[in-house]
Amino acid sequence: MLRLAEKEKEITALEAEVNAPGFWSDQKKAVGKSQKLGWLKEEKEHWGKLAKEIKDLLEMAELDEADKEVNLREEIEKQYQSLNKQVSELEFNTLMSEKYDSQNAIVAIHSGSGGTEAQDWAEMLLRMYLKYCEKKKWKTEMLDESKGQEAGIKSAVFRVANVPSAGAQGKFAYGHLKSEHGTHRLVRISPFDAEKMRHTSFALVEVIPEMEETPDIDIDAKDLRIDTFMSGGKGGQSVNTTYSAVRIVHIPTGITVQCQNERSQLQNKETAMKVLKSKLQKLKDEKEDEEKQKLRGEYKSPEWGSQIRSYVLHPYHLVKDLRTDYETTDDKSVLEGELDNFVEAYLRWLRTHHHIIT
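The opening position of the sequence shown corresponds to residue 1 in the UniProt record's numbering, with each subsequent residue numbered one higher.
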């Protein structure tokens, strides 16, 4: 759905905010809103330009039909192919019109049980996503990383930021990456097994939108447990001599976040609190959506058991999304960050199955 009328209203509302006195007093919030306004205006301009080009093409076709001495077939075909490509691109963008799709994203990867094998799989996924983000022109920032004892990672959390200057790329970080939320399964011959046995490993990927504003989330200080510790380097080594890393536990929900990437304890605490608020907002939204899905008989608990994708590297090669049934035998490209086909298949499936939060 294009929702052009809704977007026109949103443009008007954002323009009023941008032009209001004191708009730039909160720099981060202002940048986010002005960025969204720019995207909406750009999309509106693209659709307007497309409508004009379609009108011109129809007039050219009428002229070609009316005057047999004028041969415009080659030019018409060329223009048609160009328009068809533009329509496909703009139509895909309409899949990115939901609540938080234009936001930055926070991605967390957790290795499952299985020690080194599972931790190596978690690191493979981290590499895959960082490659994908690079291809999409997004900016990534590691917020927290816990290395495995022998290889791989126990967990990692990173931020993915939109880069508006990247043009057609660099947008809708959360809109794309939300497709990756869930359990990922790997089947392969383990490089850590001397007997070269086949192993199955699991990793959980969490994706939440980064919230600039969370007006519905009110956190009571007594509901938090805040710990500080030394930032850990590879192999557990300390990378500084101060307790700058911060771990925050939200006691009522059990949600834990930590950050050790920033230079100071205060900065790490601010970043961790922002991630916590984003998680609590998403939890609130999911509970509301859960009630809607229960009414429709569609709800499934988003826990470790809910596999979304299987990566089989032995005895055959196949990467398959268990929601959309999209699959490819080119596992190497997928692990190098070629995820666009999986993302698009998921977004189309999401629309078809009415799982969109409204």
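Hints are supplied without guarantee of correctness; some may be wrong.
Said to hold, decoys possible - Lysine to any residue pairs mimicking SDA-like chemistry, simulated, CA-CA at most 25 Å apart: (1) Lys135 <-> Gln149; (2) Lys44 <-> Glu8; (3) Lys7 <-> Glu75; (4) Lys274 <-> Lys287; (5) Lys29 <-> Glu262; (6) Lys36 <-> Ser25.
No lab work stands behind these hints, which were simulated from the structure alone.
Model, not experiment: these values are computed from the prediction.
Hints and how they fare:
1. Of the pairs offered as hints, the one joining Lys135 and Gln149 is violated, with about 30 Å between alpha carbons and a cut-off of 25 Å exceeded.
2. Between Lys44 and Glu8, the direct Cα distance comes to roughly 8 Å. Compliance with the 25 Å bound is thereby established for this hinted pair.
3. Restraint check for Lys7 and Glu75: not satisfied, since their Cα atoms lie roughly 34 Å apart, outside the 25 Å limit.
4. Restraint check for Lys274 and Lys287: the C-alpha separation of about 20 Å stays at or below 25 Å, so the hint holds.
5. Taken as a hint, the Lys29 and Glu262 pair is honoured in the structure, with Cα atoms around 20 Å apart against an allowance of 25 Å.
6. A threshold of 25 Å between alpha carbons decides the hint, and for Lys36 with Ser25 the separation of about 18 Å falls inside it, so the pair holds.
Comparing the model with each numbered hint stated earlier shows that hints 1, 3 do not hold.
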